[in-house]
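Number of protein chains: 4
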Amino acid sequence: MSAMMKAAVFVEPGRIEVVDKRIPDVGPNDALIRITTTTICGTDVHILKGEYPVAKGLTVGHEPVGVIEKLGSAVAGYKEGQRVIAGAICPDFNSYAAQDGAPSQDGSYLVAKGLCGCHGYKATAGWRFGNLIDGTQAEYVLVPDAVANLAPIPDGLTDEQVLMCPDIMSTGFKGAENANIRIGDTVVVFAQGPIGLCATAGARLLGATTIISVDGNDHRLEISRKMGADAVLNFRNCDVVAEVMKLTGGKGADSAIEALGTQGTFESALRVLKPGGTLSSLGVYSSDLTIPLSAFAAGLGDHRINTALCPGGKERMRRLMNVVASGRVDLGLLVTHQYKLERIVEAYELFAHQRDGVLKVAIKP
Amino acid sequence: MSAMMKAAVFVEPGRIEVVDKRIPDVGPNDALIRITTTTICGTDVHILKGEYPVAKGLTVGHEPVGVIEKLGSAVAGYKEGQRVIAGAICPDFNSYAAQDGAPSQDGSYLVAKGLCGCHGYKATAGWRFGNLIDGTQAEYVLVPDAVANLAPIPDGLTDEQVLMCPDIMSTGFKGAENANIRIGDTVVVFAQGPIGLCATAGARLLGATTIISVDGNDHRLEISRKMGADAVLNFRNCDVVAEVMKLTGGKGADSAIEALGTQGTFESALRVLKPGGTLSSLGVYSSDLTIPLSAFAAGLGDHRINTALCPGGKERMRRLMNVVASGRVDLGLLVTHQYKLERIVEAYELFAHQRDGVLKVAIKP
Amino acid sequence: MSAMMKAAVFVEPGRIEVVDKRIPDVGPNDALIRITTTTICGTDVHILKGEYPVAKGLTVGHEPVGVIEKLGSAVAGYKEGQRVIAGAICPDFNSYAAQDGAPSQDGSYLVAKGLCGCHGYKATAGWRFGNLIDGTQAEYVLVPDAVANLAPIPDGLTDEQVLMCPDIMSTGFKGAENANIRIGDTVVVFAQGPIGLCATAGARLLGATTIISVDGNDHRLEISRKMGADAVLNFRNCDVVAEVMKLTGGKGADSAIEALGTQGTFESALRVLKPGGTLSSLGVYSSDLTIPLSAFAAGLGDHRINTALCPGGKERMRRLMNVVASGRVDLGLLVTHQYKLERIVEAYELFAHQRDGVLKVAIKP
Amino acid sequence: MSAMMKAAVFVEPGRIEVVDKRIPDVGPNDALIRITTTTICGTDVHILKGEYPVAKGLTVGHEPVGVIEKLGSAVAGYKEGQRVIAGAICPDFNSYAAQDGAPSQDGSYLVAKGLCGCHGYKATAGWRFGNLIDGTQAEYVLVPDAVANLAPIPDGLTDEQVLMCPDIMSTGFKGAENANIRIGDTVVVFAQGPIGLCATAGARLLGATTIISVDGNDHRLEISRKMGADAVLNFRNCDVVAEVMKLTGGKGADSAIEALGTQGTFESALRVLKPGGTLSSLGVYSSDLTIPLSAFAAGLGDHRINTALCPGGKERMRRLMNVVASGRVDLGLLVTHQYKLERIVEAYELFAHQRDGVLKVAIKP
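Chains as they are written, first to last, in the UniProt record's numbering: chain A, 1 to 365; chain B, 1 to 365; chain C, 1 to 365; chain D, 1 to 365.
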């Protein structure tokens, strides 16, 4: 194995560059993966812009598809050369948080490394790739807690077919899982970017029979129908809350899924709910949120608001790849462009400006 | 039966008066109850002040303890003369909302009576006494959907012992039930008025082993200890969030229960939570709420926010009276004063100003 | 309205006959429905054979599709002439059992009518049509607790499209709902009669991605594929348990649904489960069951066994008709034959002997 | 550290002996614990008798209380000299089974060690101490997956106070957690040995308000009252099912917990249930079980049967020790005798024959 590799690193706000970097050493519980395909996420764009701070020189990216190059001495059950993915979130499943039901929220890693003064959980601390440790937009990536996080790719699935599993699909489906969907439900999904589209597919998979998707882009609404929406609303052309009330005979939706992260979508998601309904929030917000008194029935509406961070771990990945293998959902539609790692700066440019109908970009080292 | 009765009615903002009123007729699914004890709730004070609008001349009050005077022709399974209570919320259990899991949120009653243009649910519409129909601060009250709502009082329990069941205990316990409590949890309860005290008792009953209660009144904190709190915090003397972090070793609380209805308590309840924790909200808010970005982990903290309206129905009442009969919880402590119905205006005065260490007042027609 | 109607009644073991009967009077909470379509269920065959005892002269059948002929004086929210269905199980939603989460299990009706010495619940007592009161294989049927149980048929749906909702679809879907299905699960469904086929469709609707159906009849297995099965096993040609282990890589199924009611299917359902898996049982058993020690991991396997009676009520029916209207599931396939009520004896003959590829028979008064 | 230690090993059916054994080497993810207190479990008696097969020469016992002697190279977050416990079940939380919600049922350990031909889960495979690897009735024990399984003992708690946490308390409480207990429930607990007593305490902790415990030993029933039973039934003096029906007004119990592992207790537990009730089974059965048709309502009773293996892991142990520290439950009552490790054969003798009012024996190396 060569000692050096190419990696896209954060240099300063506005600049991500491909540089040469040492291939990392492999600890007893780690695995080194040779990346064959990865992608760019909206969060990476926040990092690029400096809106989400990471260390200078850190390799960015958190969606690994690749081949096992080298296994740590304590990693049993895998073979070098095996095709695998790992979740965007790589939890420490030995942690208190994971055993307590919140693997994505574990901070024990930070505590152990002396990076955190806290004694227990820390929100989002399960997100390590491209955040706390070097990420996946590189020729190689080191997967920590490899026995918990490496998921073998079933025979017959291509890189592109499983590329959404580590983050977009896991997050979008969690949005549907958090929405308390029951057979026959009406679910409204706000925003039809890649995560919202996966939330729509997830709501369909879980038995909702009236799925209403909302966006301002007709092309995305069209794809939304292919992912499972029964009705689509372009908020530029209609009053979304009034339309949902009309479609539900004045009753309101059983659930709403927020997949953008703005006051507007959050508030509308609350306003379309029936009393007793659930708001499943996926968005990454960038400012305080307001809960309008009336939308909240003054606190007396038996409402639920659930938030989520993308679930990870090999069992989650196994299940999502099963869904792909079963043919229930086709996320191939979402991969609209492909770039070499060397030209990733151009890919960021395209993706950040949503040019050319881009949904997701496959990056190939 | 005499044709007339005494009843406390809403006259105009600032004025509730005891007047003479006709004893109502009994429809096929109704029951007429002779009230032996009732009480005043914080919501009644809002009505008195005109902050919550009700029809002029409406009898107020929603916590009935009494004796069956007369049963509707279709009401089977009860006897005249039987001692009963009914919930503050009297759901129509035949409604779509009730069959869908939200009995307190049913609007079918309003639709049937032509009071509502909506086609389905309406938040809080299950609350009828002293809101949509004549209430309990009177010599008699008519209980609608009597077969669903009349709950016989077990032998040996006094009026005072079951007086909290219709509202305060049902609401406070629901706050604990909505908090996803598991054995060994840390739960923080914000505000120790009657409902918060019941939430504390409920958290104890459900297996929380570190219960921290918060209030600004030392006397209420003292009673809170008797209801089950392991630690008490007077927010006037300490930084509550910092104290909870200290008590939990930096981890945060598993759950927080909000029992007041203000921005401050709501926000603090969110700030004390661990990632993955649950905020159970009971308060009746009077203005928009703000969710601070940091307290919400930007939407990535796997948080839950659950709101509730007081559950009603005879099965709920049966269970709560079982709790009382078992001796697990003693709510007798909460009934600090007693007034005749004729002097209810004085009782409102005392209660609204929290004079004389008042918690709850028993009203006797 | 004519005072007499045709009705199929139980005469004695082996004999069901069409006779003339008085059209019943309508009490305050009842509704009289003119039946336009009904069907025969496996349970009716048990009644015919005398294996399940009912009163002589009772009208049989429990799946009503029809038109409201007359409403009771206290029944609001419906119009005469409206097309409706009602569940096979007509719960009293005012009962303790219903408020406690088990509407199908309510015995208060029996208590109120003096038919039962018990004080509380009685298993299956929510099943009234063709069991405790006159059923639906007649020109008219009286629906008790009409406000809770009448469900309007959405415009555009035919009788045949909603004919499965009252029983087969509600039961089969409940089997899937009781199986704790999560996205990506493997579910094995034992027996592919009408209920098993609906369980297969329900498992698909709820996100199972490997559905394995089992039967001894290749024709039914073929239909099973159309209802959503990914793999089918004819138990006459293979060792079902061994095949499931092979298909799951030795892991076992996440859930198994039993839809027949025999020791063999129950036992196999247990044997295919992974530790931690769920057995959802739908069958009506006719003798004691044996749980083999090894299949049960000596009681240490974290297994779940859930049984169910068909859920009823207007909200359940509304949801199921939504599923039909959404086009997610097409149960039209199941209605293979049609008979006039006058010739229902022939229909029983055909159905009881599973002649001519029969799945379900539409009966038209 | 001396190279040799004393350990109680299985020699042959009927013989457990204290022998000299090498202190094991410590792998990167292991921890070596110096045992200060351990105990004997009913399962150990099965092993002694040869009813549950283990390898000859294996150290028995699975309830460790001790001090960290040496940590593996990859074990962070602990200090040598720290007082700790570990669960009787030491799951591999990195496994598919654990990530799938069934940590006690993981077989990946077996697969990795080549001990199992299966590919996935194996029932009870999370139980390693004294079953698959050397156990705790010794001077030292090696804890595998130490980061997941070592739980520090809070200051101020004695060995005896936490001795029940690893198994008896975790199992008994799981029985209560699996019983779907809600506030106001009636729960019947069958058998009041150590696990049944803990189930009684757990049911109390979770809000059951009528707890009925059943045993044939009046002394144990007396202790049962101290652990939280409201009523006790000696099955030698009464018809338990009839008594429960009387105590519940003919309705039946909401839940029943089986804590012995016999046909009689299992069957009675089913017979006392209301329709819709839950049977939580804890017993280790030694032969096939029969489900009587009537007790099971022919499969139509909306019943639940849940089985469990003792939950393990550091978070579980932390929660249980919190319960002890809170003073909610006092399990000190259960430790009735104390023996030196050298005299453990006598302790087995006493315990196996339930002599001298023994409940649990503390063993001190």
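Hints may contain errors.
Claimed, not checked - Using 20 Å as the maximum straight-line C-alpha spacing, the simulated SDA-like pairs for lysine to any residue come out as follows:
1) 246(B) with 318(D)
2) 364(C) with 335(C)
3) 246(A) with 335(C)
4) 226(B) with 318(D)
5) 226(D) with 239(D)
Because the hints were derived from the structure by calculation, they are not lab data.
So if I understand the rule, the pair passes when the alpha-carbon distance is 20 Å or less; does residue 226(D) with residue 239(D) pass? The hint is violated at about 23 Å.
Given hint residue 318(D) paired with residue 226(B) - CA-CA distance at most 20 Å: violated, 26 Å
Measure nothing beyond the straight line between the CA atoms of residue 364(C) and residue 335(C); if it is 20 Å or shorter, mark the hint as holding. holds, 13 Å
Holds or violated: residue 246(B) and residue 318(D), Cα atoms, limit 20 Å. holds, 17 Å
Given the hint that residue 246(A) pairs with residue 335(C), test it: the Cα-Cα distance must not exceed 20 Å. Measuring from Cα to Cα gives roughly 34 Å; hence the hint is violated.
In summary, the structure is inconsistent with hints 3, 4, 5 from the numbered list given earlier, while agreeing with the others.
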